[in-house]
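Number of protein chains: 4
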Amino acid sequence: MNLSVSECLKRYSVSIIGASGYSGAELTRLLLRHPNVELQELYAFSQAGKNAAELYPALFCDKFYKPYNGETESDIYFLALPHGEALQLVPQLVSAGKTVIDLSGDFRLKSVLEHEHFYKQLKTPDAVMTYGMPELFREEILKGKAVSNPGCFATSIVLGIAPLLLDTEHALKVRAVNCTSTSGISGAGRSSKTELSFSEMSENIRAYKVGVHQHTPEIMQALGTSASNPAFDFTFTPMIGSLVRGIYSVLNVQLEGPADKEYITQLYRKFYTDEPFVRVRESMTEVKHVYRTNFCDIHIAHSSATGSLVIVTAIDNLLKGAAGQAIQNMNIMLGIDETTGLL
Amino acid sequence: MNLSVSECLKRYSVSIIGASGYSGAELTRLLLRHPNVELQELYAFSQAGKNAAELYPALFCDKFYKPYNGETESDIYFLALPHGEALQLVPQLVSAGKTVIDLSGDFRLKSVLEHEHFYKQLKTPDAVMTYGMPELFREEILKGKAVSNPGCFATSIVLGIAPLLLDTEHALKVRAVNCTSTSGISGAGRSSKTELSFSEMSENIRAYKVGVHQHTPEIMQALGTSASNPAFDFTFTPMIGSLVRGIYSVLNVQLEGPADKEYITQLYRKFYTDEPFVRVRESMTEVKHVYRTNFCDIHIAHSSATGSLVIVTAIDNLLKGAAGQAIQNMNIMLGIDETTGLL
Amino acid sequence: MNLSVSECLKRYSVSIIGASGYSGAELTRLLLRHPNVELQELYAFSQAGKNAAELYPALFCDKFYKPYNGETESDIYFLALPHGEALQLVPQLVSAGKTVIDLSGDFRLKSVLEHEHFYKQLKTPDAVMTYGMPELFREEILKGKAVSNPGCFATSIVLGIAPLLLDTEHALKVRAVNCTSTSGISGAGRSSKTELSFSEMSENIRAYKVGVHQHTPEIMQALGTSASNPAFDFTFTPMIGSLVRGIYSVLNVQLEGPADKEYITQLYRKFYTDEPFVRVRESMTEVKHVYRTNFCDIHIAHSSATGSLVIVTAIDNLLKGAAGQAIQNMNIMLGIDETTGLL
Amino acid sequence: MNLSVSECLKRYSVSIIGASGYSGAELTRLLLRHPNVELQELYAFSQAGKNAAELYPALFCDKFYKPYNGETESDIYFLALPHGEALQLVPQLVSAGKTVIDLSGDFRLKSVLEHEHFYKQLKTPDAVMTYGMPELFREEILKGKAVSNPGCFATSIVLGIAPLLLDTEHALKVRAVNCTSTSGISGAGRSSKTELSFSEMSENIRAYKVGVHQHTPEIMQALGTSASNPAFDFTFTPMIGSLVRGIYSVLNVQLEGPADKEYITQLYRKFYTDEPFVRVRESMTEVKHVYRTNFCDIHIAHSSATGSLVIVTAIDNLLKGAAGQAIQNMNIMLGIDETTGLL
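Protein chains in written order, with my numbering: chain A, 1 to 343; chain B, 1001 to 1343; chain C, 2001 to 2343; chain D, 3001 to 3343.
In case anyone wonders, no lab produced these hints; they're calculated from the structure. Glycine included, each C-beta is placed from N, C-alpha and C at the ideal position. Keep in mind that the hints are not guaranteed to be accurate.
[Unchecked claim] Each pair of labels, with its calculated beta carbon distance range:
#, chain 1, residue 1, chain 2, residue 2, range
1, B, 1270, D, 3126, 47 to 57 Å
2, D, 3335, A, 121, 50 to 60 Å
3, D, 3069, C, 2194, 22 to 32 Å
4, A, 169, D, 3045, 39 to 49 Å
5, A, 208, D, 3335, 47 to 57 Å
6, D, 3270, A, 64, 23 to 33 Å
7, A, 194, D, 3048, 45 to 55 Å
8, C, 2033, A, 50, 47 to 57 Å
9, C, 2343, D, 3049, 52 to 62 Å
10, A, 62, D, 3045, 41 to 51 Å
11, A, 266, C, 2193, 29 to 39 Å
12, C, 2194, A, 208, 27 to 37 Å
[Claimed, not checked] From chain D, some residues computed to sit far from chain B (all C-beta separations above 12 Å):
#, residue
13, 3013
14, 3032
15, 3272
[To be verified] Calculated cross-link-like contacts (lysine-lysine; reagent style DSS-like; alpha-carbon spacing at most 30 Å):
#, chain 1, residue 1, chain 2, residue 2
16, C, 2209, A, 209
17, A, 66, A, 193
18, B, 1143, B, 1098
19, C, 2261, B, 1063
20, D, 3120, D, 3209
21, D, 3120, B, 1261
22, B, 1110, B, 1209
23, B, 1270, C, 2050
24, C, 2145, C, 2120
25, A, 270, D, 3063
26, B, 1193, A, 193
27, B, 1063, B, 1050
28, B, 1209, D, 3261
29, A, 209, B, 1050
Let the sequences and hints guide you as you build the complete structure.
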């Protein structure tokens, strides 16, 4: 961590709305250590009155959770609320001139129809913000003051496929993508559901929402197509397994024409050449390799003469899949080194 | 498994009241395989209408849970209800001439005061049944038709200390016993508490109810003394760890006069010589050694010239600590081989 | 368990060669409880001299492991040896008129070339035995005295796809199958590798041998095609996760023509209608549902108008994936109820 | 993290000898982020030639491991070697005027006899360094240039008992201490032992070295007494459980005269009042509360009229129990804020 003298001076005041969940706690941890910000308020309705150090003693943060009542004293607001709860708040904060990073799914989809279909919630056509995936949309993020932070599964899948589809130099034609992604259980939030209890989930794996997960349209949109009119066949099987953190995605891609592992590896290397948080790896990646980091590791694992490609990606769902990517977006919007507070 | 011809014929009809919890599910699994019984009804209020195979597909049992409405068609009733709920039911079933095994704490304590102090529930002085720990009370169990099945922690602790206190030939004087017991999380039942979620309990250990756990008076009573007027100093620290099943108890015993590991090992061997489910082991025991068995393994791990003794015991909390011991009690009451259906 | 009087009489003597590994231990556990056999010898070179109760105290088996020296006193031999070590032994036992079930990969593949390519070991063209997957090859198993027991991944994948390919009434055309299978770590055997230590594998997932796993040709052969000249595109990504037992397979199938979930479910139901150990389930399956059972659970999770199908299967790798299926094969060859000792 | 301008300038060059084990990897991670040091060399014999990023991709460190050949270019050396291997190296580094922090047990014990008894290794009487437990020996650490970093179990036990014994104002008399401590499996190092494999340790607990663990004399020495002539009865039962990191210690203390929880809590509060890394907590502590932190949490859980006291402590074995405390010691010796790089 090489800090210039000026970077040592904290400048921006930051608050978190929805600070008591797992993503909120990770944001708290990261922001407390970030040299350019001062963590101001932790808003959390259900835990209001409790001290953060009581709920998360490992955080070493003695702030008290408060209910949010429209305050706008901070420069920057992170929202880590359940889906639907950010829809009203974000426009207010944006109007007040605040820098806003929303971790919910409320502002990710451009298509109102797809949002309503996958989230079962109404929203207006203008409820869209810049999609905060730096590797694909850094220029747009840089220009604005508000981003919608990507979903965890979406991050692990989009980064694993994007070079095939968005590399304009090469003539790769993708016919089908099948994704099988295993998430740590923290992805379900700080929950009291019986089916997420230790006794149920230890030594277990469970798929859910196969083909209907709300990250499906987000993935398609980020890749330049749409769930309702897809440019290629797409199937997504989300699963949870016996781990707290991490997402491990196996992406089966069907190309038209033969696939070549080395060629694809080079193409990925080039595509991500300047990216501080994407690592295209020679050897197999594992969840442990990215545990508590902001990295997305990618390994091209297999190719065949018939055009099959197996790509494996790993992220920490609470970091690159949530709080880490959110800080990365903040850094971009503040114009400081993108890795600040994240290495 | 050597079955005589007559043992091959199923004879007794059995029902479980409170069949949908973890102990109830283990009872279901064991009774389905038991050659002398026919599993009749699975009563469970909260899951009424659901099929057992839906809630526990590994059971391969296609019975439907029903609410219990006072039926008395079966010969034998197991009750695996939350504490307090058996207080009314047991006397009715006993009056109807049924064989009853109650897995709750409702009928374990002879002292009304201690019951009320530790369970925070009223009960009448006659709400006591034979304490179903075969190794100590086999004769009484044999004579009766109703037993109160021991608690899981209590089983792992009482069996680990009993020979020191109840062996009448030797003149051992116990001055103090400190117990530190780690339980699998299934001991808390099929739960939806946030603090028992996978995300909270993976890679975690947590002590609770130190010095006030309700198994304390039960342990003292079984050992021939009482919590209110103890014959020796007693401290009990229950804990839960990152495992589903099992109880591992470390018993620090302070004797008057020097302790000798080999001597104590022999004394334990002799005390449990005819017991099919207690194994006094030469080498260290582990939870894995008794996983999904009805054994209680005991190892005398350490002794000192100043009278300190470390005894380690391991059981499966859902078997020897609940359903397994309950079946063992049933076998005794039916006059059949005590190990039937348990090996 | 309804045993007829004659079934209560043990008749066959059985020995295990390679008894000290995890599959060998499961065989030991199951055979000790099996009413038609008497477990005679436990052969294990590396653990020779040790008692089974010392290595696996939960087994409650006081037999000593011995080195195998060509004895042929038993009626039935199970071989649970590392790949390559059964190649010499099996022909000797078959010549001696013994019933043989081999759990290694040595005799599974008909193609010598494919065996040598995937196992990196030479073998002779006649080193092939009946492939012991009862659901597909029961008639052949029934006629013979020797079977090669299927691989664990292969079982979970073949059973999940077979009805699509082998159902002769319907005109389904499979274009591609992508399999992503997560196995419990016990699949790697009783191992001392650093990368399989608790510290490395807790909270981890790792893919390996993508596209080159030795179960690939076995799967293709069982499905009536071959790895070298496949009738459809096939990709297999094996993984290990943070669990001891279980295999969870997500099978992405590409049909020609639209896929229909309900239709496929009915087709599977019909295909497996008389199978005691395959359950086609309406709701999502989980590893926990088949834990310590011999079931293979199958759920048709998703279908699309473009012909994509997601099929999820779950087995216990040590039972239906090894020891359980081996006992099932023995039961068939003995002409007794196929489920004996397995429910 | 408030860094003054001068603290932003890195000044000291640091190397790690024995960098490829778990403690070495944690040291690497922490030193890379420490504002006052520059990580120079990673020495590791067995992994020499490998890149740190290959062995620990989560570290994001592209240094190569080298064999150590007596280099003395760095200002500060951390040694994280197996016991015995530091005995020769430390004196050479000290002679060369280097600041040295040794994480092995080689230099902890003043008594040659106790060292040889518990470590089964010879050593000379002068092979002793300042015991690097800041809470008890800060003045000595401050004065010197070399410390022997405490053992993980010892840290969790000594900090939990010290106030009772070392508080000079109060007249508490300790008669006996029984410790039951569960460690994460990383405490055994980066190991390839079968008994530490995931398949063996998942859902397991195992005690070991009861009464003979090498941290026993270290604990007694730190508390001002000795294992060979103890001022109070002491028993220590170390265990490993199904978790990677953390130590949870239950300390049963027998006082002469009645024990009072509130009084003791106040006494601990006062004793640790200025300590940045010891937290005396009102409510129960858990391993999760200190996970990946340098804290030692202490909770006085129970007291009795007969003088029994139950004290529960939690640390992260790789941080406060190893690498974290080592950095804390370095900070003290460098005269910088003790918490630098640790919050």
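Verification of the hints:
1. 1270/B to 3126/D: 47 to 57 Å: Cβ of residue 1270/B to Cβ of residue 3126/D: about 52 Å, so the range 47 to 57 Å holds.
2. 3335/D to 121/A: 50 to 60 Å: Cβ of residue 3335/D to Cβ of residue 121/A: about 57 Å, so the range 50 to 60 Å holds.
3. 3069/D to 2194/C: 22 to 32 Å: holds (26 Å)
4. 169/A to 3045/D: 39 to 49 Å: Because 46 Å falls inside the window, the suggested range holds.
5. 208/A to 3335/D: 47 to 57 Å: holds (55 Å)
6. 3270/D to 64/A: 23 to 33 Å: holds (26 Å)
7. 194/A to 3048/D: 45 to 55 Å: holds (51 Å)
8. 2033/C to 50/A: 47 to 57 Å: holds (52 Å)
9. 2343/C to 3049/D: 52 to 62 Å: holds (55 Å)
10. 62/A to 3045/D: 41 to 51 Å: holds (44 Å)
11. 266/A to 2193/C: 29 to 39 Å: holds (32 Å)
12. 2194/C to 208/A: 27 to 37 Å: holds (34 Å)
13. 3013: holds (35 Å)
14. 3032: holds (24 Å)
15. 3272: holds (20 Å)
16. 2209/C to 209/A: holds (28 Å)
17. 66/A to 193/A: holds (25 Å)
18. 1143/B to 1098/B: Answer holds: residue 1143/B to residue 1098/B is near 14 Å, not above 30 Å.
19. 2261/C to 1063/B: The hint holds at about 28 Å.
20. 3120/D to 3209/D: Since the Cα atoms of residue 3120/D and residue 3209/D sit roughly 14 Å apart, the hinted pair holds (cutoff 30 Å).
21. 3120/D to 1261/B: Given that 30 Å is the threshold and the Cα spacing comes to 23 Å, the pair holds.
22. 1110/B to 1209/B: holds (22 Å)
23. 1270/B to 2050/C: holds (25 Å)
24. 2145/C to 2120/C: Answer holds: residue 2145/C to residue 2120/C is near 28 Å, not above 30 Å.
25. 270/A to 3063/D: holds (23 Å)
26. 1193/B to 193/A: Holds, at about 7 Å.
27. 1063/B to 1050/B: holds (9 Å)
28. 1209/B to 3261/D: Holds, at roughly 14 Å.
29. 209/A to 1050/B: Satisfied, since the Cα-Cα distance of roughly 22 Å is no more than 30 Å.
Comparing the model with each earlier hint shows no violations; every hint is respected.
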